[in-house]
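In case you want the letters, here they are:
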Amino acid sequence: MQSKRYCLEVTADFACFTRPEMKVERVSYDVITPSAARAVFDAIFWKPAIRWHVRRIEVLKPIRWMNLRRNEVVSKVPIGAVRTAMAAGTGNLGIYVDDSDERAQRAGLFLRDVAYRLHADLEVRADRSDPEPPQKFFAIFERRAETGQCVNQPYLGCREFSVNRFRLVTDAQKEPAPITEDRDLGWMLYDMDFASAVDPQPLFFRARMQDGVVECDWREVAKVDGSGVAR
Amino acid sequence: MILQELARYYDRKALDPDPSRRLPAFGLEDKEIRFVIEIAQDGRVNQLRDTQRIEGKKRRVRSFLVPQGTKKTSGVTANLLWDKAQYVIGLQRPRKGKAKESPHASFRRRIEELPATARTDAGVRAVLAALDRDDWSILQAHEAWADIVDRDPLMAFQLVGDADLLVCQRPAVVAAALEQLNSDDAPIVMCLVDGQPRPLKRVHDAIKGVMGPRPETNIVSFNERAFESYGKNERQGENAPIGQRAAFAYKTALNDLLRKDSRQRIQVGDASTVFWADRSSTFEELFPDLFGSHDDPDRGVAAVKALFDSLKTGQLPVGERDARFFVLGLAPNAARLSVRFWLHEPLAKLAPRIAQHFHDLDIARSNDEWSRRQFTANDLLAASGSPTQRPGEDTVYSYSHRRHVRVARSLSGQLMQSILRGMPYPSGLLTDVVGRIRAEASAKERDGRRIDHVSSVRAAVIRASLNRRIRFDRNSNKEYSMALDRTHPDTFYRLGRLFATYERIQRASADRELNRTIRDSFFGAAMTSPRGVIPRLARLAEVHLRDIARDKPGLAAFFERELYEIVSDVPVESFAPAMARLEEQARFALGYYHQRHVPKKESTEPTATEEA
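These protein sequence lines map, in sequence, to chains A and B.
Heads up: the first sequence begins at 33 in this note's numbering, then just goes up one per residue.
Heads up: the second sequence begins at 2 in this note's numbering, then just goes up one per residue.
Hints listed in this document are in silico derivations from the structure and should not be mistaken for laboratory results.
Please read all numbers here as calculations on a predicted model, not as lab measurements.
Errors might be hidden in some of the hints.
Below, a list of computed lysine-lysine pairs in the DSS-like style, where the Cα atoms sit at most 25 Å apart [as the list claims (entries may be wrong)]:
hint : chain 1 : residue 1 : chain 2 : residue 2
1    : A       : Lys55     : B       : Lys350
2    : A       : Lys55     : B       : Lys261
3    : A       : Lys108    : B       : Lys233
4    : A       : Lys93     : B       : Lys350
5    : B       : Lys233    : A       : Lys206
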């Protein structure tokens, strides 16, 4: 397994790392989840040949909250309708929030003014079909991260909370220290296990923040049958 | 974290040595059951007992620990040996939709499906015999029958001779009920609350006790397609894997914290707020007194004093200093509960912040009944509210103005957060309070009396908001004291003082009670754009002073000295600015208030009287 460690610093005005149990009236976790962190890296560079493993999260700003209530809709666009529209070349897939049967007001408890340093390993998969050496993939990521290129705007938890700025950090020693706070974060969502594509399972790990740092060691991720995640 | 800490609280309380404070074990719940049907061994109904008592103005129905009930939705599901009258005795009630079986049949079937050990129990056999007889004439003859028909209340059976035990509480039945719980076909998942493989809780039980239009709501529920993820359509609980035991724990703990007579809950705006700690603490039950109720004002004063004392001597009881406190604010939002705020801090951090909050709110007050009370969190919100005729979800009762007012929904959460985190108050609070002051400067109550537009609570909110902001921003502005500060340099503060003095001069010069003073005509303008108004008021005051000087030269001289003192240190160029920003208007109002509430000892006026 060939991998290289990278560090990204991200800042945003808002973030919501939604707790699964409070998904409707959203309540965020105190700190970014490894899966959301992975999504930031994925937004910059991803191919089937590589995998990102988030190892470490540093919280750079004090944890602050805000309340917001928004109008949302209760339905999802049916797949069949999408296919029909694609075949026909035209169609109306809109769901309208003015429709009082559709409308639901959802309140949320979100984070504000967030900044993190995310450390992840870029693993170049041994079983990839692309014959190129790992250096190629490392180079691609480094170039894109430095120039600010991304496939989609990186976001923190929910798409509407996009990252203001991301920066590739080359020398972590020279960076400002994370906040000096210890917090027990309980069981946090680590990521989803997509072994079964139709029924992904959530994975949880026991998260603790010490001096503003959360370690996400994959070995500690618990699975139903008691084994860790084979990564 | 929230559910996890609630579950931990449950674990602590379930082991409480005092049985009356202990929370029910897994599989049981506390239920208020109004009617008990006493039956003989052969099933004959002996009598119907009503457990309702009238205590003063409240009705109290007795609570029993019974096997946990099923979640009632629009379908037919029966509880075990206790349920509503339509299930228990087959009372006819209009039902929506067609069910496969009637409630009564479902109730009976549930009993028949008990394992043999329970079915042979004397109590259960008696119940089955009673259901066979189907003779409820004794009930119908009872004086409360009309009530039963009307309200479909909860009922349960009791065997004659069983001292204080309902049939559903008999040991054999309880054991069978707990067995049934574990034999559900739920898949084993990783419970995100306790991190163990557990049977999944498919549909979560309701939380009762949150003030709002619905008596029962859920925190965890997924009842629309848009709320589901990762293909878990119509599979409810699989969207958030929580085990049955953990679900029971958090639900029981939260319901207990929210119960009617709980000493650990208060209502702040639309948010039902509960407090608990991670270990036993005297402060756990002190919080409501600090922030909440008006029932017993002396309690509030005593609580705050206790808090101050313990902090002054540096003496939080040793074990308690590190006790972590949890504050959860829940507000109803359509069919669900939303979390308004969630806080967890050690007491050592929380207590000073709360003390600081009360410190900041200290304000000079007139000596009446209202001033004996500490301001509750609701009082602060009410100070910012606009009057309304319709009390509702978004209204608060204002004790200072004796009316209902509409309050911005988000303020309750923001205010509690700012108090408990030691941050400045929400800017919306100050904005709304100043807005109300402007709007009510000339307002009158229905009986013609004037409304106290700069009331003590509003002045307190202003003072606290300003001071907290000054401290947080660490700028060099001077803080505002509790009572009149004659040396404070701020221009707007002095302008407010000036206005108050002009008003007094006007009153003193009149030969009768005035219905309208410069307050009615000019307060708003003076507060928002002084330059246009102050010169005119100054000329008016001159005329008034001359009138006063004719009969009471001493009084005139006193007023002149006051005026001089107010304007003396302010440079002429910055006096009477053209426009005032919100914070400046607030300072104006505070100065106005302070000038009108001079402590008696300080006043050097020949005839010292304070008018309304």
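Verification of the hints:
Our distance criterion of 25 Å between C-alpha atoms is broken by Lys55 of chain A and Lys350 of chain B, whose separation comes to about 30 Å. With a C-alpha separation of about 28 Å, the suggested pair Lys55 of chain A and Lys261 of chain B falls outside the 25 Å cut-off, and the hint is violated. At roughly 13 Å between alpha-carbon atoms, Lys108 of chain A and Lys233 of chain B fall within 25 Å of each other, so this suggested pair holds. The hinted pair formed by Lys93 of chain A and Lys350 of chain B meets the criterion: a straight-line CA distance of about 19 Å does not exceed 25 Å.
Only pairs whose Cα atoms come within 25 Å are accepted, and Lys233 of chain B paired with Lys206 of chain A is rejected, the gap being roughly 45 Å.
When each numbered hint is compared with the structure, violations occur for hints 1, 2 and 5.
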